[in-house]
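**Q** Letter by letter, the chains look like this.
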Amino acid sequence: MSTQDGITLAYIVTIVSFILALRFLSNPAHARKGNWIGAFGMAVAIVATFFREGMQNEWSILLVMAIASPIGAYAARAVKMTAMPQMVALFNGVGGGAAALIALSEFHHVAPEPGRLDANVSVSIALSALIGSISFAGSLVAFGKLQELVSGRPIVYPGQKFGNLAILAALLGLGIAVIAGAQEQGLLIGLICGSLAFGVLFVLPIGGADMPVVISLLNAFTGIAASATGFVLHENVLIVSGMLVGAAGTLLTLLMAKAMGRSVANVLFGAFGQLQVSEAAIAAGEGTVRSATAEDVAVMLAYADRVIVVPGYGLAVAQAQHSVRELADELEKKGVDVKYAIHPVAGRMPGHMNVLLAEANVPYDQLSEMDEINPEFERTDVALVIGANDVTNPAARSDRSSPIYGMPILDVDKAKNVVVLKRSMRPGFAGIDNPLYTEPQTQMLFGDARESVVKLVQAVKTL
Amino acid sequence: MNTSFLIELTVLILAAFLGFEVISKVPTLLHTPLMSGSNAIHGIVLVGGIIVAGLPDQDVWIRVVGLAAVALGTGNVVGGFVVTDRMLEMFKRRKPRQETEAKPE
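Chains as they are written, first to last, in our numbering: chain A, 1 to 463; chain B, 1 to 105.
FYI, nobody ran anything at the bench for these hints, they're computed from the structure. We treat Cβ as the ideally placed atom computed from N, Cα and C, and that holds for glycine. Be aware that one or more of the hints could be misleading.
[Stated by the list, open to error] Label pairs and their in silico Cβ distance ranges: (1) B:Val-64 - A:Gly-181: 23 to 33 angstroms; (2) A:Trp-36 - B:Leu-14: 23 to 33 angstroms; (3) B:Ile-13 - A:Trp-36: 21 to 31 angstroms; (4) B:Ile-13 - A:Lys-416: 44 to 54 angstroms; (5) A:Gln-160 - B:Phe-17: 33 to 43 angstroms.
[What the hints assert, rightly or not] Stretch by stretch, here's where chain B covers chain A in the computed footprint (C-beta under 8 angstroms, at least three residues): (6) 46 to 58; (7) 142 to 148; (8) 365 to 372; (9) 445 to 454.
Excised from the complex, chain A in its bound form (with noise of 0.2 angstroms):
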């Protein structure tokens, strides 16, 4: 056996230690186990990959790596949880970027001898150089939007789809010219200049309500710009796990844009329409509004049988998370059955706030996902409404006219009582009012939701 035998041998035990490693997390209980087992698979990768032939500057490479380990690691741990979508995003878009990186140096390295470049390999270079590109700069701006670097609302400016036609019109005519075998370090560099400038005109018209798509697009980026790499490289493992990122993010983006009842071009493209809409609704709104005190609410949930908290991302702002994990400890020592009710799209990514609730050491059989527990509402007493808004809006059923029409909802309006705690009448992110909050049912506790939460703690405890 040679020692490329042993290196493609080491390869394959990292390719199953990830389809394990994904295997493992369908179940929480043996989640952590599998991310070790994919840790242990990228160690053994990497281990392998310096006894190749030929290999040099093995010292060099250690050293960056040395340096850049602890970074990684301290921007890993000292993240806030709240923070974890940017932190994400900012890990996709460092792996894009290598991915460019490598297909210029591959480039530089095969470009040299004129004819010789396969169709595959020059077509690898571009993709690789052209996704990965993109994937940096648009993860570099969804890191930005979600930190409030930049603005979270769409920008806009007029002629911008325009715009960005006429960039990806231009990348694909580098990408053709690259590809056709003008092996010119100039063209790949353009092309990956004018990708990077693609991926920040792409990403900025996206509003922050719409991040849990665009993070999820991007990781499917990134994953398939690695797996360009692999073709670029011939190696199999690159391929491979690219491509098992590819399919995971694809997978999420399309969840969750059905879990926002619209379609993912709407929602990558949309920013137009949606604005317009948003200015409009405003205006709207009547009804009368209940208000109630945070003595009556508690005195309700107190003498509840079932209670359901519906957590929304205002919850997450207001660091109320642990707060309502304490009201919910009171609850079940009074014998009430507390569970909580998560749509697919509260937070920033996808799955947020099942991390953010856990963070609190809210037991993860507690929560519900939303077909899951939407027809146990109308069992319920009280429906507790912690920051969600557009997730729990009735129009989405009911009023085609509404722009929100066909997303699936929590149908928090079919518990016999429904508390909503919320700072103001101030409609939510897709700037629409809530026919929920002048229901007969409905009650409001208006103020910071942390507080109000501490509130409803102390008087629960004092019954």
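Use these hints to put chain B onto chain A, whose structure you have.
**A** Below, chain B without anything else, positioned relative to chain A:
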């Protein structure tokens, strides 16, 4: 088209189907860890980075490009796995005293 490319293409397609199959079993509860975990997995580009940075006889600037790819890939790998571990650590089951109650599902 040469054979090695066709084999690679086969591998790619199979991986896509395998990916869909495995990932559709992940519950929404774990979609964020799935995302950051798969994020860590695409850190495999680090291997590509090491390969190009280790190529012999390079210009200085292209060596720098390779090493930059290694740096980005390393951040991707380390950060991705650490952050996923941190998240998964938090997912806990209900304490045993409460498990006596009947489950409606």
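**Q** Now tell me, hint by hint, if it's right for this structure.
**A** Results for each hint:
For the pair Val-64 (chain B) and Gly-181 (chain A), the supplied restraint of 23 to 33 angstroms holds, since their beta-carbon distance comes to about 27 angstroms. For the pair Trp-36 (chain A) and Leu-14 (chain B), the beta carbons lie near 26 angstroms from each other, so the given range of 23 to 33 angstroms is met. Distance hint check: the CB atoms of Ile-13 (chain B) and Trp-36 (chain A) are about 29 angstroms apart, consistent with the given range 21 to 31 angstroms. Evaluation of the 44 to 54 angstroms hint for Ile-13 (chain B) and Lys-416 (chain A) yields a pass: the beta carbon distance comes to about 52 angstroms.
Taking the beta carbon of each, Gln-160 (chain A) and Phe-17 (chain B) are about 37 angstroms apart, inside 33 to 43 angstroms as hinted. Restraint check on the region 46 to 58 of chain A versus chain B: 9 residues with Cβ-Cβ distances below 8 angstroms, three needed, restraint holds. Coverage of a stretch by a chain is defined here by at least three residues with a beta carbon nearer than 8 angstroms to that chain's beta carbons; for the region 142 to 148 of chain A and chain B the count is 0, and the condition is violated. Check result for the region 365 to 372 of chain A against chain B: holds, 5 residues qualifying (beta carbon to beta carbon below 8 angstroms, three or more required).
With 0 residues carrying a beta carbon less than 8 angstroms from a beta carbon of chain B, the region 445 to 454 of chain A misses the three-residue requirement, and the given coverage is violated.
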